[in-house]
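A.B. asks: Below are the chains, spelled out letter by letter.
Number of protein chains: 2
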Amino acid sequence: MAAHTTSGSEEAQIRALIEKRIPALAAKDVAVLTSDYARNLVLFDAVGPLRHIGSDAQAQRAAEWLSLYPEGIDCQIRDIEVTAGEDVAFCHYLYRVGGTMTDGTRVGMWLRATVCLSKIDGAWVITHEHASVPFDGKTGAASVDLQP
Amino acid sequence: MAAHTTSGSEEAQIRALIEKRIPALAAKDVAVLTSDYARNLVLFDAVGPLRHIGSDAQAQRAAEWLSLYPEGIDCQIRDIEVTAGEDVAFCHYLYRVGGTMTDGTRVGMWLRATVCLSKIDGAWVITHEHASVPFDGKTGAASVDLQP
Numbered sequence: 001m002a003a004h005t006t007s008g009s010e011e012a013q014i015r016a017l018i019e020k021r022i023p024a025l026a027a028k029d030v031a032v033l034t035s036d037y038a039r040n041l042v043l044f045d046a047v048g049p050l051r052h053i054g055s056d057a058q059a060q061r062a063a064e065w066l067s068l069y070p071e072g073i074d075c076q077i078r079d080i081e082v083t084a085g086e087d088v089a090f091c092h093y094l095y096r097v098g099g100t101m102t103d104g105t106r107v108g109m110w111l112r113a114t115v116c117l118s119k120i121d122g123a124w125v126i127t128h129e130h131a132s133v134p135f136d137g138k139t140g141a142a143s144v145d146l147q148p
Numbered sequence: 001m002a003a004h005t006t007s008g009s010e011e012a013q014i015r016a017l018i019e020k021r022i023p024a025l026a027a028k029d030v031a032v033l034t035s036d037y038a039r040n041l042v043l044f045d046a047v048g049p050l051r052h053i054g055s056d057a058q059a060q061r062a063a064e065w066l067s068l069y070p071e072g073i074d075c076q077i078r079d080i081e082v083t084a085g086e087d088v089a090f091c092h093y094l095y096r097v098g099g100t101m102t103d104g105t106r107v108g109m110w111l112r113a114t115v116c117l118s119k120i121d122g123a124w125v126i127t128h129e130h131a132s133v134p135f136d137g138k139t140g141a142a143s144v145d146l147q148p
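Sequence order for the protein chains is A and B.
Numbering of the first sequence is given in this note's numbering, commencing with residue 1 and proceeding in unit increments.
Numbering of the second sequence is given in this note's numbering, commencing with residue 1 and proceeding in unit increments.
Read the hints as simulated data drawn from the structure, not as lab findings.
Note that this is a predicted model, so its numbers are computed, not measured.
One thing to keep in mind: the hints can contain errors.
A pair holds if it fits inside one copy or across any two, identical chains being indistinguishable in the list.
Below, computed lysine-lysine pairings styled on DSS-like, alpha-carbon distance capped at 30 angstroms [to be verified]:
1) K119 / K28
2) K138 / K28
3) K138 / K119
4) K138 / K20
Next comes chain A alone, as it looks inside the complex (with noise of 0.2 angstroms):
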């Protein structure tokens, strides 16, 4: 079996870092939605481009992506899963986002997510940070209708 020890410590710290994303992004908290990543993060997200390098690029998507939803993103997680070892950590889920977007669009769909942490004088720093929706090979459309 592994050799780890997984402490259930940093497991409850790195879930509630995640988890105060759900709050935040109903209240438009940009404070939060850009706390906990290092400044040479490297963001694979959701939307284009291919990636986004550094901190600062990651407040500037997560800025406009708030200013879409005049009434904040109503936000939903389940399956997060963690594995964190004394310094270096990772967690996966799945997240739907929700609401009303300024043109009046109506948006709920389920993304995939991964987060990649390590502990950077005692407190966990995310490095790396992927979101996607799968994409119909067929179509070339991007699959944003699929429930878990």
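Put chain B on the given structure of chain A with help from the hints.
C.D. replies: Quick look at chain B alone, frame taken from chain A:
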């Protein structure tokens, strides 16, 4: 700074685990492409569904993918970054897949990958993998023509 001591040797092992996919895709070597996965793998693949659970599902998915390319798949990998603790690790990279499908369609596209591992009985095993392309929020199309 980080308390963790990222071992060059661990990083090299994980990098080799990823890079051996390149000749295996060219040779359609399904045994290599299905090695290193934990039985309880959670796979977020670039095409639907939202997720696959278990190494058997990954093996089936790999066989299906290879069957679409009678002459094998050309794969390039770039910008691989590995973070390895004692027994938990993750890595991410960009990769390009190219080739000619059975129906004559020529494919050439860049994707993003995140691979998360735990050390079990002294060997690195993949417990989670996430591959995707971003999509265009305006058109809903998968962005299969991006360049890094």
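A.B. asks: Hints broken by the structure, by number, lowest first?
C.D. replies: Violated hint (a single one): 3; every other hint is consistent with the structure.
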